[in-house]
Structure formats: C-alpha cells, structure tokens
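> Using the sequences plus the hints, can you model the full thing?
Number of protein chains: 2
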Amino acid sequence: MMVHKWVITRISDSSSSLPQYPITKKAAIHFAPPPPSKKGSKMAGSIDVMLRELNLETVESLPEDFDPTTVISDPLPAVADDCCGVKGEKLVNGKEKPREIVLGRNVHTSCLEVTEPDDDDEVTGDREAQMASVLARYRKSLLERTKHHLGYPYNLDFDYGALSQLQHFSINNLGDPFIESNYGVHSRQFEVGVLDWFARLWELEKNEYWGYITNCGTEGNLHGILVGREVFPDGILYASCESHYSVFKAARMYRMDCEKVNTLISGEIDCEDFRAKLALHKDKPAIINVNIGTTVKGAVDDLDLVIKTLEETGFTHDRFYIHCDGALFGLMMPFVKLAPKVSFKKPIGSVSVSGHKFVGCPMPCGVQITRLQHINALSRNVEYLASRDATIMGSRNGHAPLFLWYTLNRKGYRGFQKEVQKCLRNAHYLRGRLASSGVGAMLNELSSTVVFERPQDEEFTRKWQLACQGNIAHVVVMPNITIDKLDDFVNELVEKRAIWYENGRLKSPCVASEIGEANCLCVLHK
Amino acid sequence: MMVHKWVITRISDSSSSLPQYPITKKAAIHFAPPPPSKKGSKMAGSIDVMLRELNLETVESLPEDFDPTTVISDPLPAVADDCCGVKGEKLVNGKEKPREIVLGRNVHTSCLEVTEPDDDDEVTGDREAQMASVLARYRKSLLERTKHHLGYPYNLDFDYGALSQLQHFSINNLGDPFIESNYGVHSRQFEVGVLDWFARLWELEKNEYWGYITNCGTEGNLHGILVGREVFPDGILYASCESHYSVFKAARMYRMDCEKVNTLISGEIDCEDFRAKLALHKDKPAIINVNIGTTVKGAVDDLDLVIKTLEETGFTHDRFYIHCDGALFGLMMPFVKLAPKVSFKKPIGSVSVSGHKFVGCPMPCGVQITRLQHINALSRNVEYLASRDATIMGSRNGHAPLFLWYTLNRKGYRGFQKEVQKCLRNAHYLRGRLASSGVGAMLNELSSTVVFERPQDEEFTRKWQLACQGNIAHVVVMPNITIDKLDDFVNELVEKRAIWYENGRLKSPCVASEIGEANCLCVLHK
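As given, the protein sequences belong to chains A and B, one line each in that order. When the letters of the first sequence are read in order and numbered with my numbering, they come out as residues 1 to 526. When the letters of the second sequence are read in order and numbered with my numbering, they come out as residues 527 to 1052.
If you are wondering where the hints come from, they were derived from the structure by calculation, not from laboratory data. All C-beta atoms, glycine included, are put in the ideal place defined by N, C-alpha and C. Wrong hints could be hidden among the right ones.
What the hints assert, rightly or not - Straight-line Cα separation of at most 25 Å, DMTMM-like style, residue types lysine to aspartate or glutamate; simulated pairs:
| id | chain 1 | residue 1 | chain 2 | residue 2 |
| --- | --- | --- | --- | --- |
| 1 | B | LYS810 | A | ASP257 |
| 2 | A | LYS411 | B | ASP647 |
| 3 | B | LYS834 | B | GLU798 |
| 4 | B | LYS948 | A | ASP118 |
| 5 | A | LYS422 | B | ASP644 |
| 6 | A | LYS345 | B | GLU642 |
| 7 | B | LYS732 | A | ASP118 |
| 8 | B | LYS944 | A | ASP121 |
| 9 | B | LYS871 | A | GLU116 |
| 10 | A | LYS418 | B | ASP647 |
| 11 | A | LYS206 | B | ASP644 |
| 12 | A | LYS507 | A | ASP484 |
| 13 | A | LYS418 | B | ASP646 |
| 14 | B | LYS786 | B | ASP799 |
| 15 | A | LYS206 | B | GLU639 |
| 16 | A | LYS206 | B | GLU642 |
| 17 | B | LYS948 | A | ASP119 |
| 18 | A | LYS422 | B | GLU648 |
| 19 | A | LYS411 | B | GLU1021 |
Unchecked claim - Sample of chain A residues facing chain B (criterion: CB under 10 Å; computed from the structure):
| id | residue |
| --- | --- |
| 20 | GLN130 |
| 21 | TYR138 |
| 22 | HIS148 |
| 23 | LEU156 |
| 24 | LEU166 |
| 25 | ASN221 |
| 26 | LEU222 |
| 27 | LEU404 |
| 28 | ILE499 |
| 29 | TYR501 |
Said to hold, decoys possible - With the C-beta cut set under 10 Å, the calculated list includes, among others, these residues of chain A facing chain B:
| id | residue |
| --- | --- |
| 30 | VAL114 |
| 31 | PHE169 |
| 32 | PHE344 |
Right, here's the structure in full:
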C-alpha cells in the first residue's frame, strides 16, 4: 500500500491569524436580521444594494475574519514537483521564502466546530442566538469578499429573491432529466426548458439532443469525455496543455491514453503540434477536448482549424469525437460578432458550459449538451447496470435549474448580448489602463480575461482574490465588475508597485514568455 | 460509431395530460407572495407550517400540474433487457400493458420554455408577473408533492430560514476543503466543522482523516472506489448485487474488474458467496463496497463478517480496501443500540453518507471521509495534473456545508438519536399495520425501510411517490413521516386493494422470493 506524505508548496510567512468565530456558550448576542431591501421584496436585493445599505462601499480594511493565509490560486495550482520535501520559491528581488503545506491540516485552525446543544438550550434560546451571531458575521465577511473579488469568472451580481420561497423544498431531479422518477419534488420542467434554450444556442434540434444540468464545469468535462470514450473505447484523448485540470483527471479516472498538445503564446492549441501528435496514432480514433476559453488566459481554441487538421490527417468524421469545454466563453462567444461559432452543425459531440460563471448562480452548476445518438450509445453500454443511468451524478440539485431558468427568462438573448459587450469593453479598458501605467498585460480577442504580472504582495493578491499561476495573474471581467472597481484596483496596484519596485529602482519581472514580447513592458521589452 | 436506438420500458396507458404552465404573454397575473410564517422570521417556517397556513392539509386531490406519467421508480430502475423493442409487462390478473419510452423525449411536452423578453417588458412589469405566477403555482405543487411523499429516504422536514440571507452569495469551496483558494467567497470553516463531526462519529482522529462534502451519494461512492483503485491499481471490485447502481457505474467508468456477490433474502451480502468469489482471485487485491443500508430493502451488510471472510481467505489488511456506502443508514446506525459499528478502528478505507437524506437539505449533498494516508496516495498519483486535486468535482457548492452545519448544531447527537428512535418505532408501526391488514411486509432490523407488494394501481404509486422495483415497493420512514400520515396511507391502500383484488376474489401476488416466506401473506404463505 502506498503511504506517502503529500506536501505542496505555498508561501506561508505569517503566523496566520485565521478567522475566529468563537462560539462562547451563553453569550448574550442577539440576531440582527438583514436590513430590508429597497425593492421591498421578501428577499433583499442584489449585493450592491446590500453594500449600500450597510455603508460598506467606503470600508477599506479587510474584515477581521478574512483569511490571510489564502495564497494558492485555484484554477490551476502550481504542481508540486517536489512532493516530499519543502521547496523554496524565488521571489523578485532575490528574496526567498519557504513554502510548505501538509494537505488536510491548515483549515482546522479556523473551522467552526459543531458543538452539542445543552439540555436547556431550547428553553433559553441561547444556541439560536449564538448561531445567528455566527451567521451574521459570516454574511458580513461574504459581502466584503464579494465586493473585492476580481480573479474568478463568477458573475456575483444576481437577485434571486423571487426564488427564496422554494428554499424549503428538497428538490431533486435524480437521474435523467427527460424521464421522471416517482419522486415528485423535482424541477424537470424547468431543467428541460433551460436545456432547450442551450440546444438552440448551439444549433441542435430538440429531438436530436440530450443533456442535463450538472454540478459544475468538471462534471460537464467528465461527462463529455466519458461519452467520447464509450463511443470510441480505444480512442486517444488529445487536449492542449492549457486545458482545465479536470480533462487530465478524466483521462486518469477513465484509464485513457492522453496526448498533451502544445499551445501558442495566446494559450490556444497549437494545431501544428496537434497534427504531429495525431500522426503518431493514426490507427486509433481521436477524442479531442477543445477549449472555448482556457482557464488562465481565456484563449479560444480554433474549432474550425482543429476539424481541418483532423480531416487533413486522414480522420474521417466517424473516427473522432470533439468535446467543447465552454466553461465560461461557451456562453459569451455566441454573442460576439465574428467569433468562430460553436455549433452542432459542425462535427462536434458535446458542449459544456458553467452556469455559475457568466449567468451567475449561488451554487456551482453547468449545462451539458450532447447528441442523442451518443447518449443512446452510452446508455446501451451501461444498461446492464441501470437502464437510464446516463448522468455522472445520481441525485441532482433541483434548485440550479430554477436559477438558470429564471435568469434566462429575465435577460434573454438580448440581455446576455448587452452584458457580453459590456464585459469586453471593460476588459479592454482594464488592459489599456494597465498598459498606460506600465504594467504589461495581455487580452485575447473574444475574451474578457486580462493577464498580467503576478503582484509581489500576497496580501494584495488575496484582497482582490486574483487567480495566479507562476509569474502571472488574471482578472476576469464579469458583468458585476464596474469601471469604478477596475479603477480602484489599478490605482492600488500602481501604488503598491511603486513600493515593490522602489519607484523604478528595481526591475519589474519579465513576463514575455507568458504573455508575449509585444505585451511585456519589462526593461527589455518596453 | 455506435448509433443505437435506446428504448426502455414503462407503463404508459394514459394519453398523459402533462403539467401545463402556459406562459401567456401579457397575462395580467400578479405575484402572490407566500404567507408570513408564524415564527415571524423572514423566511417562513417548515413545510408543515406552510401547509397549515394554506389549509392544504385537507386537500385530497392531486394538483392539476401533478405529472400522471411518473411511473418508473428511481433508485434502481428496471433493467431494459430488450433494448431495441417494446416489451410488455405482465400485470396481475393477466392484464398486459405495453411499456415504452424513448430516452430524451417525454418531458418535452411539459417543459417550461424560456422565452425572449419583449422590449417593453421592463416598463410594463408583465414578464415579472408572469414568472411570479409560474413560480407560485410551482410552489403549490411542491407543497402537495412534499405532503404525500413516502418512498424516498429524504427528510423533508427542515427550516433553514436563518440561512436565507446567504442565498445572495456565490459560495464556492472549489477544490480541497483544507486548502483555501484565493476565491474568498467560500464556507470552508463550516465544511471542516461538519467533516470533524463525522470523523468523530466514525472514530477517526482529526489529523488522520481527509474528507469533503460531496454533491450526492454517488459522488461519495465514485470517490471511495477511486481511492481504492489508486491504492490498489489492479484490485478487483466486489459488491453485492443489491448495491447502489453508482457502484457498478464506477467499475465501468474506472475500467475495473468487478465481481457481483449474491445477497441473502434480507438484501445483505451473502458472505459464503463472497468467500467463493474471493477464492477465484486470491492473487489480486480486493476493493469491497459494503452497504450500510441497501437502496431497496435497507439491508445492512455485516461489516465484521466481511472482514472476517477476507481474513479467513488469506487477505491481509494491506491487501484490501473497504468502502462503506452509508447513504442513509450511515448516519442512523450510530444511534441504534446493538447495531454493528461503522468505525475506522476497523480496517476500512472510506465511508460516505448522504446529507439530504436523514439530515434533510434543500439540495442533494453528502459527506465523504477517508484516511489521510489514502488521499495522500491519491494526490501523489495525480499530482502531475494539479497538485491538490483530490475531489471528484472542481467547483463545489458552498451552501450545502452551511445547511449541514446548521442542522448538526441545532440537533446534536441527542437530537439525531431521538429522531432515529422515532423513525424505527414508526417503521415498526407501519409494518404491523400492513401485516394486520393482510399485506405481507418486511422490515430489516436496524432499518426504517418497509418493503411490501407493489401496488397494482400506478396512480396510487405516484400519489404516494413510492419507489418500486419489480414486484415490490417500499416506504422509507423518515423524521417527517408521522403516524397520521402512515395511517392515511394504509387506510387508502386497504381500500384500493379491495378494488384491485375484488374483495379477495382475486389472489394478491406472492412476494416470498423478494421478502421471504415468513413475511409473505399470499394465499400460499399466510
């Protein structure tokens, strides 16, 4: 049995005053209900409204329970290439700081222990009061964190007050969306409405598609790649090295052979390398993950060129399966003029998109659409297990379809189009402001992800919740990110850089290898 | 490429007046907010309170949008052994009805289409009113469905009003629960509090466990079995044939060899057959799924006997991995005197339990606990992908930990103990009432699942949302199921049986092969 001490590296230079929510027994704290919303609905309005009401717009300092040890960016954490020992990371200015984390330890210092109620708690109401106090403080910290968030592609601006009346129900769409179970408390009629909308967006007829609402982007990728594998059991998985980590996780879980394909500096798949890798395995069918927006650089793989490369290498349409990972841009691209179209009129097998990203949703979710003929093949293969089991998960969150249905109905195509235009415009604004401030930055066409040098100060990174990888960080401009917020961010970054680089006496790092010479503004390249 | 028409069988004898929510444009419907709760909190109280307020307790008829085509039970749907054609199912009294469903078709007739807003919708407010009307009707149908639900192991009695203030936030615990990402809007401090509680329940020290809150029982099984496979890459998976379908799905997804083991009449694993199957593969390590409550019969596999069988067949502790699927009873058993203990003091590798079942939660979720040493092995294996990627999903619902934390704190061990006792008592009551009414029924010791003959009338099955498999149906007695509700159910069943079996002139079916001769009350066995 392998027993291996697993250590990953991270900066940990503070003695970490982690969030504290002391649950003092018998403390006489009473629950302060949230302030009423301006709109007068039962469930108060959007985050912005709440912020205004709490006068939090002017609050500058981090809340006391903000965790100062959050350092590792999530979408693509650094690989632990030295898995047993402690690794030092060289920072700018030659300073080296030790990084160490033992998996499964560090959050314990901050966790909110579950405690056994006292016998008289029901009488005194003390426990209710304590819990209300914890929740009120937690809510305040969420407001602060939501306000400063820039790094992850989540639209934090939503108002689902009208749906709060449904929170009492255990809504479960267990199994297939198109076949009802005997469990009556479900939301399939909403789920299928949402799926129809997406199938239409990606140009697949109602009677030719199958799909479901997933728990997250990863589930969409796991499903798409599994369908590909069931269609081609001996297929080889091809994915660019900047694909989401769930793609490689799928390869390992499913015991598939996988070829990592190089990327261009933009982050797009390098189709020359793809061609060469395909040539190595001409005898085996190809299963390809195409990124409609990579995690870090927001790069969109050229779907048409991928298909052309396959055809030119001798792969006929019955010998490949393309899964499009459209986590974020899968929903933005259709609203961008001139963007290459993701469409089932092309020889693709499945498309997935996240619901909590551009749409915005309290909990992660996603949409997975595939061809009915493929899911029939999948179901055929698993039928000896349980005939209709075509989803990855069994019980499925019935609230997520309601959130998506509600937003799609309220905004419609036109609403999304406006929001996409706003995001792209604001992303261009951010890139421009960074460049004019001497910060090298890259913004791919069709993308709202602005990539730039990683800030030297981890506290700054944490405050703005930037996602980082190696020497770069990014901001994903979502509908809730305003020009004002971007200005605040750039102004603070400029101030901080003056300190980090001692008003230009020290060199800022070169990021040409990450974002290209044309975008880099280091001493060598500006 | 396999293109296969996938057909499963089902009774479909009505021309199916499916739920209709016509979204009439410009209809002058105004939003009726839910009535205020007695408790005066912003988010009204429990389902029962709402039912009283709506005077729905006395409503007998099904809501007009109740779907009369829901026929197939979900936990273990019948296998489609004739996957291309239409199969007839022989019902009692010699009547035969055709069954047919084409996957991906039938819900479309009832779905709530997403429609594009008109330009003037914002001005007129018509769209908001239409949507509010749809939601109000949907809420009413959920109340009705919740009231009559008996068949699935979901505790529908919860009041999370205090948490409604958090619904505005996009809470995401992406990645590992113990390592924070830079995304600040998370609930890891609550998640780890919940995990600690479960680790203590199953007797594993804080510094020796790893775990996370999953999306459902299936994710727990997928994770437990994946950990087992990573620890023993060439291990054989053993699971009783009454295991949840996700176990066999895992085997297929992970390309593992799988041995199905026979069961006793109770539904427990047959350890004599297990011994024989183990003897066939003595050269390979064993990965065993142990059911702490099977889906259909609520049978608890004898963990101690499974371990003894392994030991006696020559499998030392470093050559097997046991995953305990405790979907429902994993949380009930610890509170039952004399029940065999699920404990990490025994040589087990992981335990999973569902959160939306006994605890009760608006959306499906689960808890997965494993040994830190195993997850280290797993992470070691996948580290070249993304160092800390040890969960199946990537983005993870941050609301589920809040719901679980809240309930655990409010109820505590003592609260759960009381509820478990009540459920077991009420299950015995139900079994007794069925038997005295001439309905053969089985109730396993340690279980609150009462198994009995499948009702002959699908409308009755749908009304009470019974889960069925073959000739049997079951009721899972959960905390929200009262004696009154059970009485109503039995009284109606007795009335209906008088009609189905023409006051005893026709024979009721023999279910001895499903529930044992001792429990069957057919003409032969009573």
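> Hints first: check each against the structure and report whether it holds.
Now for the hints, and whether the structure bears them out:
For the given pair, LYS810 (chain B) sits about 24 Å from ASP257 (chain A) by alpha-carbon distance, which is consistent with the 25 Å threshold. A threshold of 25 Å between alpha carbons decides the hint, and for LYS411 (chain A) with ASP647 (chain B) the separation of about 11 Å falls inside it, so the pair holds. For the hint pairing LYS834 (chain B) with GLU798 (chain B), the CA-to-CA distance comes to about 11 Å; that is within 25 Å, so the pair holds. Restraint check for LYS948 (chain B) and ASP118 (chain A): the C-alpha separation of about 21 Å stays at or below 25 Å, so the hint holds.
A distance of roughly 21 Å separates the Cα atoms of LYS422 (chain A) and ASP644 (chain B); the hinted pair therefore holds under the 25 Å criterion. Taking the CA atoms of LYS345 (chain A) and GLU642 (chain B), the gap is near 23 Å; set against the 25 Å cutoff, the hint holds. Distance check on the hinted pair: LYS732 (chain B) and ASP118 (chain A) sit about 24 Å apart at the alpha-carbon level, within 25 Å; holds. Under the criterion of a C-alpha separation no larger than 25 Å, the hint pairing LYS944 (chain B) with ASP121 (chain A) is consistent with the structure, at around 16 Å.
Our distance criterion of 25 Å between C-alpha atoms is met by LYS871 (chain B) and GLU116 (chain A), whose separation comes to about 23 Å. The suggested pairing of LYS418 (chain A) with ASP647 (chain B) holds, with an alpha-carbon distance near 16 Å, which does not exceed 25 Å. For the proposed pair LYS206 (chain A) and ASP644 (chain B), the alpha carbon gap of about 24 Å is at most 25 Å, so the pair holds. Distance hint between LYS507 (chain A) and ASP484 (chain A) is unfulfilled; the C-alpha atoms sit about 29 Å from each other, more than 25 Å.
The hinted pair formed by LYS418 (chain A) and ASP646 (chain B) meets the criterion: a straight-line CA distance of about 16 Å does not exceed 25 Å. The suggested pairing of LYS786 (chain B) with ASP799 (chain B) holds, with an alpha-carbon distance near 10 Å, which does not exceed 25 Å. As the CA atoms of LYS206 (chain A) and GLU639 (chain B) are separated by approximately 12 Å, the hinted pair is consistent with the 25 Å bound. The straight-line distance between the Cα atoms of LYS206 (chain A) and GLU642 (chain B) is roughly 18 Å, inside the 25 Å bound, and the hint therefore holds.
Annotation: proposed proximity of LYS948 (chain B) to ASP119 (chain A) holds, straight-line Cα distance about 19 Å (limit 25 Å). For the proposed pair LYS422 (chain A) and GLU648 (chain B), the alpha carbon gap of about 19 Å is at most 25 Å, so the pair holds. Among the hinted pairs, LYS411 (chain A) with GLU1021 (chain B) is inconsistent with the structure: their alpha-carbon atoms are about 51 Å apart, more than 25 Å. Among the interface hints, the one on GLN130 (chain A) holds; its C-beta lies about 9 Å from the nearest C-beta in chain B, closer than the 10 Å criterion.
Interface hint at TYR138 (chain A): satisfied, since its Cβ lies 7 Å from the closest Cβ of chain B, which is below the 10 Å cut-off. Proximity of HIS148 (chain A) to chain B holds as hinted, the smallest CB-CB distance being about 7 Å (cut-off 10 Å). Among the interface hints, the one on LEU156 (chain A) holds; its C-beta lies about 5 Å from the nearest C-beta in chain B, closer than the 10 Å criterion. Evaluation of the LEU166 (chain A) hint against chain B yields a held restraint, the C-beta minimum of about 6 Å falling below 10 Å.
The restraint placing ASN221 (chain A) at the interface with chain B holds, with a minimum CB-CB distance near 9 Å, inside the 10 Å limit. Because the beta carbon of LEU222 (chain A) sits about 8 Å from the nearest beta carbon in chain B, less than 10 Å, this interface hint is met. Hint status for LEU404 (chain A): holds, given a least beta-carbon distance of 9 Å to chain B, under 10 Å. Because the closest C-beta pair between ILE499 (chain A) and chain B is about 21 Å apart, greater than 10 Å, the hint is violated.
Taking 10 Å as the C-beta contact cut-off toward chain B, the hint placing TYR501 (chain A) at the interface is violated, the least distance being around 23 Å. A cut of 10 Å between beta carbons decides the hint on VAL114 (chain A): the least distance to chain B is about 4 Å, and the hint holds. With a least beta-carbon distance of about 5 Å to chain B, the hint placing PHE169 (chain A) at the interface is held under the 10 Å criterion. A least Cβ separation of about 15 Å between PHE344 (chain A) and chain B goes past the 10 Å threshold, and the interface hint is therefore violated.
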